[in-house]
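Q: For reference, the chains in residue letters:
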Amino acid sequence: MIIRILGDGQFEVPDSAKAKLDELDAAVDHALSTKDEEAFQRALNALDTEIRELGTPVAASTILPSDLILPHEGASLSEISELLGSEEI
Amino acid sequence: MAEICPNTRPNRPMPGEDVSSQLEPAMAPGCVDAAGAGASVDVVLGRNGGMAFMKRLSGVVQAKANKVLDRVEDPRETLDLSYEKQLEQLQQVRKGVADVATARKRIELQASQLQASANKLQDQAKQALAQNREDLAREALSRRAGIADQLEQLRVQHEQLQAQEEKLVITTQQLQTRVEAFRSQKETLKASYTAAEAQTKIGEAVSGISESMSDTGMAMQRAQDKIANMQARAGAVDELLASGALTDLTGSSDPLQAELDKASSSNQVELELAQLKGQLAPADAPAIAAAPGASDAGDAEDAEVVDAPGAAPAPGADLFSLKKDGGA
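Note that the protein sequences, when read in sequence, are chains A and B.
For what it's worth, our numbering labels the leading residue of the first sequence as 6, then goes sequentially.
For what it's worth, our numbering labels the leading residue of the second sequence as 30, then goes sequentially.
For the record, the hints were derived by calculation from the structure and aren't laboratory data.
For the chain A half of the interface with chain B, some residues (derived, Cβ under 7 Å), not all of them:
1. L11
2. G12
3. D27
4. D30
5. V33
6. D34
7. A65
8. S66
9. I68
10. L69
11. P70
12. I74
13. L75
14. L88
15. L89
Calculated Cβ distances over 12 Å to all of chain A for the following chain B residues:
16. E102
17. D128
18. A174
19. D178
20. S221
Ideal Cβ placement from N, Cα and C applies to all residues, glycine included.
Hey, can you work out the whole structure from these sequences and the hints?
A: Rendered as structure tokens:
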């Protein structure tokens, strides 16, 4: 699957990484819903690290949509809530 | 290297054999199989899911991406339109890089002005101590501490700006590569437009490019926000510098300096005495001439000058240091 890390680029991540990523994604989601900034940063970092570790960067010349998108490095909880909120309104 | 990859999700129309055989060979080397061994991401993720967070974000970004391009009826026109938009964006990102560099240089300039003020205050503190005016030395050092805080904040901002600048430079390079790739591919796609699968590819190329443009747009927005914050702060530091609160300490209008000057004339005789004593007695202690601009508090050196039973520096150096340190 193709995952974009905002501000960075796309990574091709093998499907075998799904379970691990799902777990890390759930931690981000939980921190977001409990508004726990510290846990959010930690979980986001872990997810970011995992994607970079398991994934292969997609060449900039390759043009295709992503399956999943991760926030940019250092994104704050409020920034992301706002971004996600803009969809729900 | 310039390829627009076919998306391999089964829930979208698959490329037909005939057209893909025209397009695929060129694509193969640089293409990444979007769904691993051709498996659908939806299948891999399960029907409802998993990855709830990244999916939601993806939904938002792609919704934004759809607004980047006003899609026109004929997808071939959309290709041309998105190419034009990419060129515009490339211009904007280049301008963004220049803006960040300008903001960074401004911070560097301010930092050097603040550093000069800090050095002046350090010298004044030494001067005050040499005249036994601990109160004035304290005042100078406390002002210096305030400047040190400002400097530290500037340092942090400078680091952030540098990181933004580096990121934008990389973004520009990637965008440039993509624009070139897109340009060479769009003509191929247009030429084969009559085939249904080519239309699908056009759709995906446009989605992919819109998403990446949307991402670039958000990255630029972040850089601009950072610059705006910094400009507000930089403006405050400029005002502080202009008001004389920091730089005019050594000027005649500065009360701290005025006090120091007054005290220094009455101390002049004593200092000269100390210097003379120093010249008479041979010693290996370093000359005070080395002091101006040195970074540590002056107690040790000053004590040395006053007591200096053993100091025998070069005569010229002592006179120079008196003029500089003791004189008004």
